[in-house]
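Protein chains in written order, with the working numbering: chain A, 568 to 877; chain B, 1434 to 1958.
Worth flagging that the hints you see were computed from the coordinates, not collected in a lab. Idealized CB from N, CA, C, for every residue including glycine. Possibly wrong hints are sitting among the right ones.
As the list claims (entries may be wrong) - Here are the simulated lysine-lysine pairs, BS3-like style, with alpha carbons at most 27 Å apart: (1) B:Lys1940 to A:Lys727; (2) B:Lys1943 to B:Lys1466; (3) B:Lys1665 to A:Lys620; (4) A:Lys659 to B:Lys1648; (5) B:Lys1833 to B:Lys1731.
Said to hold, decoys possible - Listed next, the stretches of chain B that the computed footprint assigns to chain A, with coverage defined by at least 3 CB atoms under 8 Å from CB atoms of chain A: (6) 1493 to 1507; (7) 1671 to 1678; (8) 1685 to 1697; (9) 1799 to 1812; (10) 1821 to 1832; (11) 1837 to 1843; (12) 1878 to 1887.
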Amino acid sequence: MKIYVIKKIVLLLPLLLGITLITFTLTKALPGDPVYAMVGERTSPEIIAKIRKEIGADKGIIRQYLGYVSLLARGEMGRSYYTQRKVLDDIKIKFPNTLKLALGAMFIAVPFGILFGFLSAFRINTAVDRVISWVSIIGLSIPVFWSGLILMFFFSLKMKLLPPSGTGGLRYLILPSTTLALPALATLVRITRVSVLDVISLPFVKTARAKGIKEIRIKMVHIMKNALIPIVTVIGLDFGSYLSGAVLTETIFGWDGMGRFAMEGILKRDYPVVMGCIIVSTFAFVMINLLVDIFYYCVDPRIRVHGANR
Amino acid sequence: MIATILRRFIAFAIVLLIVGSSLHACSSSGSRKEGYVYFRLNSNPTTLDPALIVDVMGGYLSAKIFNGLVRMDDSLNIVPDIASRWDVSADGTTFIFYLRKHVFFSNKREVTAEDFKYSFERILDPKNKSPNTWVLDKISGTKQFIAGKTDNLPGVQIVDRYILKIKLAKAFSPFLNLLSMTAAYVVPKEEVTRWGDDFSSHPIGTGPFLFKDWKHNSELVLERNDNYFNGKAKIRGLVYRIIPEDLTAVTEFELGNLDVLTIPASEYARYKSSSKWRNYLSSVQGLNIYYLGFNCSKSPFRNMNFRKAVSYALDREKILRTFYENRGRLAEGPVPDILRKWTPPERHTYNPCKAIKIIEKEGFKDTVIHFYVTADQEVVDIAEIIQSYLKKVGLQVTIKQLEWSAYKAAINNGEADMFWMSWWADYPDAENFLFPLFHSSNYGASGNRSRYTNKEVDRLIEMGQGAVSPEMKNCYYMKAERIISEESPWVFFWYKTDLTVRQPALKNYKIYPIYSMDKGLEISY
């Protein structure tokens, strides 16, 4: 296992480099000149040329990329073209906010998603199963901008329980994380249901029942443990994507996270911001997936044996 | 068993919700600071350094923190700010400003003529890469200074501690207007040197409010400067909350968490008809022009008659009344009505029959026009309305939607045949709507995006810039505007009116046509 983890971490470096190269090339290929966006209409051509030189836009793309990589090697991410603030300093503020939002969403989605998924599977073809299935389909179909505004309308405007926007503690977190959690919750219900139904039909469940093991133990230990692999995979993917930022949710609720930061960077062609966000998001995504792999290794002996044989 | 687990989860969720919401005194109004007025910004300000500000939001905020030699009053006249008075030479090229004594920066140091010289040289020094050199480049010796041939700007002289002399290379009628702009605000050298690139996050000025805190993408707080030289503000401070989504801002306003809201287009009809709010609406005739621009450098819009035909084909009055809900005044030319001191040029009224005749005569029937617009929904809707009008006169319009940066690049490069754009004044002078937008020296990216060239218009604008008497200036601008209107490089749509709604408790709230006028001194509870 140790070798596997070390291998994964060592592979992270070329992966990050590859991602930076692809992103750098793609952002530079986009139409739009950051210098014109920075300076407004009436700036003299001399100043425009000077700014272009300052941000390295006058060099070839390979030299620009190498310059950026050498900046990264020094542990820096450069300064935003617009605010002149260090990108790394901004990320240090925004990433914890995004982490808070992602954890909040997972805190709601994971227990409820798994619980209702199990309930639906164990009560298959009953009214409970049908209701849960319909509600989960609705949850999957509702776009975030709509559910966010509806939650804001009821809980903020009508009931005056929660603030409609802002970045802060638990009170500010509930609405955006619930909004973000709804589609994840619905997905987890569907995945859990399918996964449990797959496991229920396997022979070892019949064997366990024949052995006279209590039903609750069969469900909570034997079935749940074996059904967890696809569920954890989905949780890992969702959590990883939330760490890249949830643009719509962050915009609706004025949450100061990575999504808004990256989006504004893209729209303004603020390349240091875009690159910084992508590097951090990729790193977070890969680390989450590594944790998921370690989890597989711990809960599933088959993976352990296969891994050991490798 | 499962039912038990379910019950426990539901109980847990309810407890969590109750704990969460009761943590903060059961109120959604957040922790409002007593005596502060809350405004909304729709995005994070870019910078608060006057040397670098190019956007309206930055100018609006910096007007509270900084001052210049002069400023605008409510009637758009130039009035004293840090300069208590000034003399102008007969030829309009030399200005002598007499500064007030006992005006202090918030670091407690007194402002002197030397600070203005430093602040102006800072803008013009290429090392600082200020995009605002054009504001001060009329001053004598600017070219040599920018070229690095001298480190002393000869056109700005310190006569004594409180007297500043500015000499222009040649007379420029809107020069005092330029001095009311953000770029001409005074900054303290020692603080700029101390903070370097981070001066934007630690702005120190002389204004009625002091910079207190800026949580990027969240809120910006200014607090009252009790030592402000022009009388202190009636409120303790200002809080600008950064809320990108319009409907969220409306919710915050209705909950009382914002004191003033710029009304989003989608909410205008509701607020206008609401018995609760209609008495608390404020509006001001904005210094702007919304227009349909033509690319005059290529066919079919190179043909002046075709441009006029498109103008005749559009019922602007109806679009303004119905789609735009009268949120503006019908434009008569490029210069906003409140700046025009002369009879407006003749308007091209809606006349589809005339349009069809011209199009057929000029051989442009079924011509395909590439119409570029931004992704803004309101703009897309307007584009579709224009498309349907032009279809009626036999023109095929294809709409190309681009996000702002790509759109601007496409327009700057002259890719579009036709585009939708607006222009907002830097300062309240007709020159600001003629020189940047129609003078051939600004062809393309510098502002003249319709790539319109006319030597007579260039000459008239330059004569207006150099005119010393207001009558002569207006005469030149009137002639220039008439030619532009006749040659139709744009279809002039409307001058947009700004609309806000405020909380009933807020007193003496005013909305200003230009950002630098609002010092926040009158507003109170």
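Comparing the hints with the structure gives:
| no. | hint | result |
| --- | --- | --- |
| 1 | B:Lys1940 to A:Lys727 | 26 Å, holds |
| 2 | B:Lys1943 to B:Lys1466 | 22 Å, holds |
| 3 | B:Lys1665 to A:Lys620 | 44 Å, violated |
| 4 | A:Lys659 to B:Lys1648 | 13 Å, holds |
| 5 | B:Lys1833 to B:Lys1731 | 18 Å, holds |
| 6 | 1493 to 1507 | violated (count 0) |
| 7 | 1671 to 1678 | holds (count 5) |
| 8 | 1685 to 1697 | holds (count 4) |
| 9 | 1799 to 1812 | violated (count 0) |
| 10 | 1821 to 1832 | violated (count 0) |
| 11 | 1837 to 1843 | holds (count 6) |
| 12 | 1878 to 1887 | holds (count 3) |
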